[in-house]
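Peer 1: For reference, each letter of the sequence shown is one residue, going 3 to 276 in the working numbering.
Treat the hints as calculated values from the structure; they're not laboratory data.
You may find that some hints are simply not true.
Unchecked claim - Cross-link-like lysine-lysine pairs, in silico, DSSO-like; alpha carbons within 30 Å at most: (1) LYS142 <-> LYS229; (2) LYS49 <-> LYS77; (3) LYS200 <-> LYS229; (4) LYS77 <-> LYS229; (5) LYS77 <-> LYS142.
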Amino acid sequence: MRFAKPFFLAGCGLAITGALLAYQRPFHQYPGVEYFQFEVPADYQDKSEFAFARLMFPPGPLDGYYPRFQGDWRKGLSLWTQDYPRADRHFSLALRRLTRLNVRSVEQPVMLEDGDEPYNWPWLYAVQVGEWGLNEEEGKILREYLERGGFFMADDFHGVDEYNEFVKRIAFAFPDRPLVDIPDSDPIFHTVYDLDDKFQVPGQAHLRLGYKNNGIGAHWRGIYDDKGRLMVAASYNSDIGDAWEYADDPYYPEKFSGFAIRIGVNYVLYAMTH
Numbered sequence: 003m004r005f006a007k008p009f010f011l012a013g014c015g016l017a018i019t020g021a022l023l024a025y026q027r028p029f030h031q032y033p034g035v036e037y038f039q040f041e042v043p044a045d046y047q048d049k050s051e052f053a054f055a056r057l058m059f060p061p062g063p064l065d066g067y068y069p070r071f072q073g074d075w076r077k078g079l080s081l082w083t084q085d086y087p088r089a090d091r092h093f094s095l096a097l098r099r100l101t102r103l104n105v106r107s108v109e110q111p112v113m114l115e116d117g118d119e120p121y122n123w124p125w126l127y128a129v130q131v132g133e134w135g136l137n138e139e140e141g142k143i144l145r146e147y148l149e150r151g152g153f154f155m156a157d158d159f160h161g162v163d164e165y166n167e168f169v170k171r172i173a174f175a176f177p178d179r180p181l182v183d184i185p186d187s188d189p190i191f192h193t194v195y196d197l198d199d200k201f202q203v204p205g206q207a208h209l210r211l212g213y214k215n216n217g218i219g220a221h222w223r224g225i226y227d228d229k230g231r232l233m234v235a236a237s238y239n240s241d242i243g244d245a246w247e248y249a250d251d252p253y254y255p256e257k258f259s260g261f262a263i264r265i266g267v268n269y270v271l272y273a274m275t276h
């Protein structure tokens, strides 16, 4: 019976995975600020071990979209849907091809206040976090999610005003932990790809200038736990989501999309192994 223990552990693993899948919210596609409708892949209902989880959040004081829509952010048509779902699906496809993760072809929008739902997803992404309206209650939930082992990628905020707004609101989750520069030697930059040469990634609308809101120079910052695990990774003055979104556009430079995909792959594999 030398194989009994491995088979027993494998069975337990499958049972746990099945239980998690049972409690996850079903996939739902929302109308976005860029794409009101988007074709759903044929395999969108296939079970997988990983899905791109996108954070839904209320508008903040710097949100330039909100006055135009004045809708319920919980139903889409809000800034959290920037680049959505094209960026999510392009990156998910790349992650599926470049790793051995079984990646779902469609994303999962996640609301922090939706009971236990955030804890079903080990990796969470948010766009334009300099314009979000994360509140104190959501901050507490985000902190618990991250302290339980979750990982948060904060992207696409530019210039001093947006930076200050992000710092103010991430402090609702971690008033006691600073946002610091991630050193080049950190494992997150070497988990799959060695990313020693990191550069600013401009959005598609800002290619000619190379930056937005006077946000010149890329900064890769984060928040660590007591054991040195990176819980939050923030790409300040870069638009990684746009580089994913336009990865199939011949007019968007491959230099930026290729780098953004490598950054994303490292972040996901780091989140799944640390």
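Peer 1: Would you list, in rising numerical order, the hints stated earlier that this structure does not obey?
Peer 2: 4
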